[in-house]
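Based on the sequences and whatever the hints tell you, model everything.
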Amino acid sequence: MTALAETLGRTERDGAAPRDGLTVEVVRDLAVVETAWRALEADPAALMTPYQRIDWVRAYVGAGIETGDETLVLLLKDEASRPRLLIPLAVGRLGPLRIARMIGDRHANFHMPLFACREAAAMRPEALAEALVRAGRKAGIDAFRFGHQPRFWDGVPNPLSRGGLPAPSDAYGLMLGPDAEATLRRVFSGDARKKVRAKERKLVEVLGPVRHRVATNAEEAAEIQAAFYAQKAARFAALGIADAYADPAVRRFVAAATAPGAEGRGPAIEVHALETESGRVLATFGGAVDAHRFCGMWTSFDTDPELGRFSPGEILLHRLIGDQSARGRRALDLGVGEASYKAKTCDETIELVESVVPVSAAGHLFALAAGSAVRLKHRIKRSPRLFAAAQRLRRLGRG
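Start counting the sequence shown at 1473; every next residue gets the next number (our numbering).
The calculated lysine-lysine pairs, modelled on DSSO-like cross-linking and capped at a C-alpha distance of 30 Å, are: (1) K1814 with K1704; (2) K1666 with K1816; (3) K1814 with K1674; (4) K1849 with K1816; (5) K1849 with K1814.
So the derived label-pair ranges between C-beta atoms look like this: (6) A1841 with V1676: 52 to 62 Å; (7) R1752 with K1667: 16 to 26 Å; (8) D1719 with S1661: 37 to 47 Å.
Read the hints as simulated data drawn from the structure, not as lab findings.
Cβ atoms here follow ideal geometry from the backbone N, Cα and C, with glycine treated the same way.
Structure, rendered in structure tokens:
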């Protein structure tokens, strides 16, 4: 850990006298902080989301999605020099301002710090904000903008969410039990399970046996992702909207994140498929994972209208939930945003907030403007009338 403070040009300590005993190290190279990061991840007491795994972050940064941004990692320690929390940041320009945000942008559904333990997450929100301001001054940051902050994670309040404004959309999830069949019975009604079994039987009558496949290596992941990209491209084309997954940088990120890591570590993103014996992929699902949780990032299905009546995506979702439960994961979520399949599946609403920690005088003005924008987006998203009007304007803009 001493090496972190001694690596000139890569790590900086805040110089102000810390309150609450917190000191901040500003690390400018992922390799420098990797040992400490992996130690935090490996501790069973850690409180974190899969999006803050170093393998997920490294894949994202290495893909070059956010060109021009500077990568920083804040490592907060207590008086005994024990790491208490870690925040991976991308710092970019917004006009004349330098704004820091959590790495992952729209590709990460949760932007929470990695806490060493529940006790670390219980720190005073004011102490955390003060530490961020000290680090921001040192790094030349005008403001920190934190989106998709869960109010609670695993039942623990997130200090970074205190005082935040409600996000336009929340996320939806469910707890998993140790018994896969019992979990499926709890999540899905008897009638819902019966309908899915009937659809699967009819699907088998048409296409032959189907199987649920989890990619176990980079080659299998690439096969599933090739089907995903084709299915998404067809879907976006039918809707007349741009294909966000056509970006080569996004595909580089996915390829790196779905490949198993060194020393037997699993991939940062796990991909699943429902496919026929001949290898035709009918539906896919991908999610960020750690030892305890599956966080859904994307899903797709074959757009062949003849297959729609069999609901291959719904069949895969049932298989996915059973698989995650059987493998010992404790929770699963289906990401941010409203969708009928989420409402039918999930029994937990993960409330999200947006917050800004201003550092400079200009950062305070930015915080006011950002707050107004969040309030407006929240109002539009929660009003069917306003949301419909916004959708019409968006279509006119594309047309």
